[in-house]
Amino acid sequence: MLFYAIDIIGTFAFAISGVLVAMQKRMDPFGIFIIAFVTAVGGGTLRDVLIGRTPVGWMNDLNYVHAIGLAVVFAVIFRKKLNRLRKSLFLFDTIGLGVFTIIGVEKGISADLHPIICIALGTMSASFGGVIRDILCNEIPVIFRKEIYATACLVGGATFFALKYLGLEEDLIYIFTAAMVISIRLVVVKFKIQLPTIYQA
Amino acid sequence: MLFYAIDIIGTFAFAISGVLVAMQKRMDPFGIFIIAFVTAVGGGTLRDVLIGRTPVGWMNDLNYVHAIGLAVVFAVIFRKKLNRLRKSLFLFDTIGLGVFTIIGVEKGISADLHPIICIALGTMSASFGGVIRDILCNEIPVIFRKEIYATACLVGGATFFALKYLGLEEDLIYIFTAAMVISIRLVVVKFKIQLPTIYQA
Amino acid sequence: MLFYAIDIIGTFAFAISGVLVAMQKRMDPFGIFIIAFVTAVGGGTLRDVLIGRTPVGWMNDLNYVHAIGLAVVFAVIFRKKLNRLRKSLFLFDTIGLGVFTIIGVEKGISADLHPIICIALGTMSASFGGVIRDILCNEIPVIFRKEIYATACLVGGATFFALKYLGLEEDLIYIFTAAMVISIRLVVVKFKIQLPTIYQA
Numbered sequence: 129m130l131f132y133a134i135d136i137i138g139t140f141a142f143a144i145s146g147v148l149v150a151m152q153k154r155m156d157p158f159g160i161f162i163i164a165f166v167t168a169v170g171g172g173t174l175r176d177v178l179i180g181r182t183p184v185g186w187m188n189d190l191n192y193v194h195a196i197g198l199a200v201v202f203a204v205i206f207r208k209k210l211n212r213l214r215k216s217l218f219l220f221d222t223i224g225l226g227v228f229t230i231i232g233v234e235k236g237i238s239a240d241l242h243p244i245i246c247i248a249l250g251t252m253s254a255s256f257g258g259v260i261r262d263i264l265c266n267e268i269p270v271i272f273r274k275e276i277y278a279t280a281c282l283v284g285g286a287t288f289f290a291l292k293y294l295g296l297e298e299d300l301i302y303i304f305t306a307a308m309v310i311s312i313r314l315v316v317v318k319f320k321i322q323l324p325t326i327y328q329a
Numbered sequence: 129m130l131f132y133a134i135d136i137i138g139t140f141a142f143a144i145s146g147v148l149v150a151m152q153k154r155m156d157p158f159g160i161f162i163i164a165f166v167t168a169v170g171g172g173t174l175r176d177v178l179i180g181r182t183p184v185g186w187m188n189d190l191n192y193v194h195a196i197g198l199a200v201v202f203a204v205i206f207r208k209k210l211n212r213l214r215k216s217l218f219l220f221d222t223i224g225l226g227v228f229t230i231i232g233v234e235k236g237i238s239a240d241l242h243p244i245i246c247i248a249l250g251t252m253s254a255s256f257g258g259v260i261r262d263i264l265c266n267e268i269p270v271i272f273r274k275e276i277y278a279t280a281c282l283v284g285g286a287t288f289f290a291l292k293y294l295g296l297e298e299d300l301i302y303i304f305t306a307a308m309v310i311s312i313r314l315v316v317v318k319f320k321i322q323l324p325t326i327y328q329a
Numbered sequence: 129m130l131f132y133a134i135d136i137i138g139t140f141a142f143a144i145s146g147v148l149v150a151m152q153k154r155m156d157p158f159g160i161f162i163i164a165f166v167t168a169v170g171g172g173t174l175r176d177v178l179i180g181r182t183p184v185g186w187m188n189d190l191n192y193v194h195a196i197g198l199a200v201v202f203a204v205i206f207r208k209k210l211n212r213l214r215k216s217l218f219l220f221d222t223i224g225l226g227v228f229t230i231i232g233v234e235k236g237i238s239a240d241l242h243p244i245i246c247i248a249l250g251t252m253s254a255s256f257g258g259v260i261r262d263i264l265c266n267e268i269p270v271i272f273r274k275e276i277y278a279t280a281c282l283v284g285g286a287t288f289f290a291l292k293y294l295g296l297e298e299d300l301i302y303i304f305t306a307a308m309v310i311s312i313r314l315v316v317v318k319f320k321i322q323l324p325t326i327y328q329a
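The listed protein sequences correspond, in order, to chains A, B and C.
Plus 128 on top of the position in the first sequence (first one is 1) and you've got this note's numbering.
Plus 128 on top of the position in the second sequence (first one is 1) and you've got this note's numbering.
Plus 128 on top of the position in the third sequence (first one is 1) and you've got this note's numbering.
Think of the hints as simulated: they come from the structure by calculation, not from any bench.
Built from N, CA and C at the ideal position, the CB exists for glycine as well.
Fair warning: there could be bad hints in the mix.
Label pairs and their in silico Cβ distance ranges [unchecked claim]: (1) Gly197(C) with Leu219(B): 49 to 57 Å; (2) Lys215(B) with Asn266(C): 54 to 62 Å; (3) Asn191(A) with Val315(B): 28 to 36 Å.
Computed list of lysine-lysine pairs in DSBU-like fashion (alpha-carbon distance at most 30 Å, straight line) [to be verified]: (4) Lys153(B) with Lys209(A); (5) Lys318(C) with Lys208(B); (6) Lys208(B) with Lys153(A); (7) Lys292(C) with Lys153(B).
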């Protein structure tokens, strides 16, 4: 129940980050809604399609659609005041990152997939909404260039299976996994750590 | 039967609009065919994948492939004369928009989905081929920026369920839904109405 | 067995071509891995999703993941020496093109699809990983503009069904199909043949 509530709050936070990017690109209301939508549920949708869980998740639970609609209205109306909320939004986004990773890993486990694939699905759930957002906005995805974002999910996913292997209870696994993702993200943003880029001389 | 014929004519018209964009980008024949293809059936393909109706539609009915192939040959050969046909093409495209919306809504209903999701599927069927076309052409999708295109489908989809709720016969629902989509589109193009863009000051 | 080995080698070669493009775009290690991944398995993944074979192929066979991981490590470490390997890499890539085409055609046949759709699936398997790579790198896909790449797969797919119609044994069909794809690709690269671009005057 708490978990589901965090999931919806994470969806809301992801959608707002989508609205912000769409407004920078001067989109119209329809474009803003679609960008918010794919940012929020794009990663989970891709995951569901690849493992064959269809109709995809948001089609069977309108709360996601409502959370995204609310986020769009909220973000458009308060667009000049969102800067003051930057810290809260970042926090929600980061919590969402942790929760989405766990959800993705769990879907992989239900589909009987190998832990490595489950970790990939967790990372995809949490970070590929942003990839689709950037592609629709005609940008190279920011998480491919420098942001340590997906890396936090990868480490979180690995933590999940390490703890599971150690025989921890599910609740504790969830808490430690989310804490790992959230801590990494907080640390890298606080200290402005980026992955190095690699190029051919 | 008439419905199916209009579906194929709409596919043809959508494919031609794809060819025109691909030629502007100076693509080769293979690229032109692929852009025509995704413009024509990309929206319906995305819909089928998301609801799990696979193999996707065009794989089971070669008439779509034939209509697109014909459209490509036609548009390439008469590329210098297409301007004169602009009005007819626009009309076919607009009729296609109405029909594709209805088809998408119906697929959602067969999959037992909520009316809001069905309306989303109708809009996706009719307008996301153009989104995929624009992404493959390295542009921000035009319907996210200003074109009132998807909005016509959204209103059409809502009309569909309003009339269904009122207990109208299926045939009448189809006619009024298509008429709604087509009228909105004709009016906005005639009077050059655009959605406002929203940005952060 | 040999076929499977070639499949894995082709995956390795495709992944390296992805790494090279990602490094040109100055991506970070995560971005490089993802681009390598989609270049190598993106075409087959799209095919599996469209025909409904889920979970998609690479989720059930970790050898693909390993081959891609190895390719990334190899290509990043030896990035300054890859020019010397250009010919070997091109050869592997070309052999992969032939094998991936055959795999795609066969998946279409197992799904009971029409030969034309099977040829499309073969072409998609072999050449759409590069399309997704280019989109993620914010480029118009190179195979839509000039490269004769997909065309080789199309001709290869047609060869497959022509030989099948003539009643040849499966092994021979495979050999001749791959040989056709590989020969066309070698000839067009050797003589720098490109498809003409078409545009509206």
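Structure-based check of each hint:
Between Gly197(C) and Leu219(B) the CB atoms are about 53 Å apart, so this pair conforms to the stated range of 49 to 57 Å. Lys215(B) and Asn266(C) have their C-beta atoms about 35 Å apart, which leaves the hinted 54 to 62 Å range violated. Evaluation of the 28 to 36 Å hint for Asn191(A) and Val315(B) yields a pass: the beta carbon distance comes to about 35 Å. Taking the CA atoms of Lys153(B) and Lys209(A), the gap is about 40 Å. The hint is violated against a cut of 30 Å.
As the CA atoms of Lys318(C) and Lys208(B) are separated by approximately 34 Å, the hinted pair breaks the 30 Å bound. Between Lys208(B) and Lys153(A) the alpha-carbon distance is near 34 Å, which puts this suggested pair outside the 30 Å criterion. Taking the CA atoms of Lys292(C) and Lys153(B), the gap is about 38 Å. The hint is violated against a cut of 30 Å.
Taken one by one, the earlier hints fail for this structure at numbers 2, 4, 5, 6, 7, listed in ascending order.
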